[in-house]
Amino acid sequence: MPRTSRDRTVYPITVRELQVIDAYDLSPGMRRVVLGGPGVHAHERNGVAVPALVSNGFDDDVKIIVPDPATGEAVTPEPLPDGRLDWDERTISLARTYTVRSFDTETGQLVVDFAQHIAGLASTWAGRARPGQAVHVAGPKASSALPTHADSLLIAGDETALPAIARCLEELPAGFPVQAVVEVAETDHIVQLATQADARITWVVRAEGGDFIRTTQECTLDEGTPYVWIAGEAGRIKPLRRWFTHDCGLPKSDVEITGYWKERPVVTMGDDPSTVDVEATGPRPTAVIHEMTELAPAFAVRAACEIDLFAAIDEGVDNLPDLAGRTGVPAERLSRLVRYLGALEYLRLDDEGFLHLTPLGNELSDPDSHMVTSLTGAAARRDLAFIGLLAGLRTGERASQGGQTIFAELTGDGEIADDHADRVAQEAGFTAPALPPVLDLKDGEQVTVLGPGAGVYADEIIRQRPDLSITVTGDDRQLRRCRDEMSAARRPAVTFTAAPRPGQLPAPADTVVAVDLPGTTPAEDLPALISDLLSDTGRLVMVTPLLDPARPDEHELEDDLRRLCLHGAALPTRSDLEALAAVTGTTLTGLDPVGWGQHAVTFRAGPESS
1 MPRTSRDRTV
11 YPITVRELQV
21 IDAYDLSPGM
31 RRVVLGGPGV
41 HAHERNGVAV
51 PALVSNGFDD
61 DVKIIVPDPA
71 TGEAVTPEPL
81 PDGRLDWDER
91 TISLARTYTV
101 RSFDTETGQL
111 VVDFAQHIAG
121 LASTWAGRAR
131 PGQAVHVAGP
141 KASSALPTHA
151 DSLLIAGDET
161 ALPAIARCLE
171 ELPAGFPVQA
181 VVEVAETDHI
191 VQLATQADAR
201 ITWVVRAEGG
211 DFIRTTQECT
221 LDEGTPYVWI
231 AGEAGRIKPL
241 RRWFTHDCGL
251 PKSDVEITGY
261 WKERPVVTMG
271 DDPSTVDVEA
281 TGPRPTAVIH
291 EMTELAPAFA
301 VRAACEIDLF
311 AAIDEGVDNL
321 PDLAGRTGVP
331 AERLSRLVRY
341 LGALEYLRLD
351 DEGFLHLTPL
361 GNELSDPDSH
371 MVTSLTGAAA
381 RRDLAFIGLL
391 AGLRTGERAS
401 QGGQTIFAEL
411 TGDGEIADDH
421 ADRVAQEAGF
431 TAPALPPVLD
441 LKDGEQVTVL
451 GPGAGVYADE
461 IIRQRPDLSI
471 TVTGDDRQLR
481 RCRDEMSAAR
491 RPAVTFTAAP
501 RPGQLPAPAD
511 TVVAVDLPGT
521 TPAEDLPALI
531 SDLLSDTGRL
541 VMVTPLLDPA
551 RPDEHELEDD
561 LRRLCLHGAA
571 LPTRSDLEAL
581 AAVTGTTLTG
591 LDPVGWGQHA
601 VTFRAGPESS
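Reminder that position 170 of the sequence shown reads as 170 in full-length UniProt numbering, one-by-one numbering, no gaps.
Hint data in this document are derived by calculation from the structure and do not stem from the laboratory.
Treat the hints with care, as some may be off.
Derived DSS-like pairs: lysine-lysine, alpha-carbon spacing no greater than 25 Å straight-line [stated by the list, open to error]:
(1) Lys262 to Lys252
(2) Lys238 to Lys262
(3) Lys262 to Lys141
(4) Lys238 to Lys252
(5) Lys252 to Lys141
Okay, the calculated beta carbon distance ranges per label pair [claimed, not checked]:
(6) Gly259 to Glu218: 20 to 30 Å
(7) Asp368 to Leu295: 47 to 57 Å
(8) Glu73 to Cys219: 14 to 24 Å
(9) Glu78 to Arg348: 43 to 53 Å
(10) Cys219 to Ala582: 48 to 58 Å
Source: prediction; values computed, not measured.
Where is the CB? At the ideal position from N, CA and C, for every residue including glycine.
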C-alpha cells in the first residue's frame with residue numbers, strides 16, 4: 001500500500017477495559033455506544049505501562065474485543081513491553097475494527113458508531129450493550145492528520161465509513177472545499193451531518209438503486225491538488241483505486257482507499273440467528289492468507305530437518321553446545337533457529353535449559369520417515385522451484401539457484417540428482433505393476449522404455465512379459481540409474497542403449513513407453529518430441545498424471561505450477577492431450593488409469609480414420 005501524504009502519529013498498541021456509558025440508536029441503521037471509565041487514563045496492566053487514550057484523527061480505529069457470544073468469557077491479548085499486543089487466533093476471532101466517532105479528552109468518553117447488520121459479531125454486541133457493561137478495546141495505534149495540505153477533499157463510502165466521514169466533516173476548517181458521497185441502505189438511515197466546511201454532500205440509497213461507486217466516479221474533482229479518501233466493502237471499492245490513479249491521474253499518495261469490511265458468509269447460533277457462532281464461522285480470510293503465504297516456517301522446518309536437529313534431540317542431544325557440535329552449525333546461529341522453532345511449537349525448553357521435542361517435533365525425529373524425506377534433499381530442492389514462479393509466469397524463465405536451473409540440478413550429476421532419481425523410482429513402484437496389463441502387447445513385441453524411472457517400468461514389463469524384447473534408452477547418466485533400478489536377476493534380459501539425441505530412438509520399436517514426457521519436456525517442445533518418437537514406432541504410450549479441471553485437487557494444481565517453474569512443463573488435461581494429437585496429426589487411442597493417479601496415454605501415428 002503506498003504511503004499516504006497525510007502526516008501520521010503512531011502510538012503504542014494497547015488494550016484497555018472500558019465501560020458502556022450509554023447506548024442508543026442514531027437511526028434504524030446505526031447504533032451509538034459511548035464508552036468510558038478509568039481505563040481511558042494512563043495506568044498499568046500486568047506490569048506494562050498503558051498510556052492515556054489518544055484519538056486525534058478522523059479515521060482513527062480501535063478493535064472492539066467482544067465477550068465470547070457462546071460463553072460470555074472476555075478474552076484479551078496481553079500487552080507486550082515493546083508496544084505490541086500478544087494476539088492469538090481466538091482473541092483475533094473476537095475482535096472487530098471500528099472507527100472512533102469522537103473522543104472527548106475532558107470527559108474521557110469514547111464514541112463508537114456501529115452500522116447495524118442482521119448478524120454481526122460486534123454489531124450484535126452493540127445492539128445489546130447496556131450501561132455498566134465492560135468491554136475491552138485495543139488502540140487507536142495511530143492518528144493521521146486531516147488532509148488539509150491538499151486544495152480540496154473528496155470523501156466517500158458506505159455506512160461503515162459514515163462515522164469517519166461525519167467526524168471529518170466536523171473537524172475540517174471553515175470554508176475548506178469537500179465533496180462527500182455516503183451510501184446507506186434506506187432513506188431513513190440518513191442522518192444530519194454538521195460541518196463548517198464548504199461541503200457538497202450527496203446521499204445514495206441502495207434501496208432506490210443508488211451506488212456510491214458510480215456516484216463517486218461521476219464527481220468532478222476540484223481544481224488544484226485534491227485528496228481522495230474512500231472506504232467501504234473491499235470488493236466493491238477496489239476499482240476506484242485504479243480509477244483515481246490511472247484514469248484521473250492522481251498520485252497514489254493522495255488517494256487513500258481502504259476496505260473496511262469484506263462480504264463473507266456468517267454462521268449464527270442455531271437458537272439465536274442474531275448471534276454469530278465465532279468457531280463455526282471460521283478464521284478470517286486474512287488469517288488464512290497469512291498462514292498460506294508465510295515462508296519462514298517452511299524454510300525453518302526444512303533447514304532443521306536437513307541438519308537432523310529433531311533426530312539429534314530425540315537421541316538425547318538436548319543442549320545447545322552439544323547440538324551445535326552434532327549439527328555443525330555455530331551455537332549462536334543455531335540458537336536463533338531453535339528459538340524460532342520453539343515459537344512454532346516444534347521444540348520446548350524446560351526450566352533447566354534442556355530441549356525437548358513437542359508432538360510436532362517428534363513427527364520429524366526420524367530422518368528416514370516419509371515426512372522428513374519429503375522436506376529434505378531433492379524434494380526440498382524441487383519445491384524451491386517456486387522461488388521462480390513470478391519470473392516463470394511473466395517470461396517463462398526456469399527457476400535457478402547457484403548458477404544453474406533447479407531442473408538441471410535434479411536431473412544432472414551429484415547427490416541431489418541421485419536422491420531425486422531414487423524418489424522417482426520409488427514412486428514408479430506404485431505405477432509400473434499396473435502398466436503391462438493395459439498395454440495389450442503382442443508376443444515378441446519390441447518395446448522401448450525411456451524417461452524418469454524407466455528402469456522400474458522395464459523391470460516390471462519384463463517380469464510380467466518375459467517373452468518381450470525390452471530396450472531402455474537415455475543418456476549415459478540415465479542408463480546407469482536405470483540399471484540400478486532393475487532387479488539383478490532380470491537386468492540381463494534388458495538392452496540398455498544410449499539415445500543418439502533426445503527424441504530419437506536407437507532403433508525402431510513396436511511400442512514406446514515414455515514416462516512423464518509432459519513433466520520433463522517444455523510445453524512448447526512436446527509436439528515435436530511426440531512426432532519424432534512416433535516416426536520410429538507404431539505406438540507411443542505416455543505414462544503421466546492428468547489434471548481433471550472438473551475435480552481440481554490442490555496438490556495436482558501445485559504440481560502443475562511446480563512443473564512450470566522447473567522446466568516450463570505442465571500437468572496435462574485430457575483436452576491438452578487431444579490438442580496434442582490434433583497438432584501432431586496423431587490419434588489419441590487410449591487413456592487408461594494405472595497405479596495411483598497415473599494414466600497410460602496412447603498415441604498412434606496418423607490421424608483417426610473416419
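**OP:** Enumerate the violated hints, using their earlier numbering and listing them in ascending order.
**Re:** 7, 8, 9
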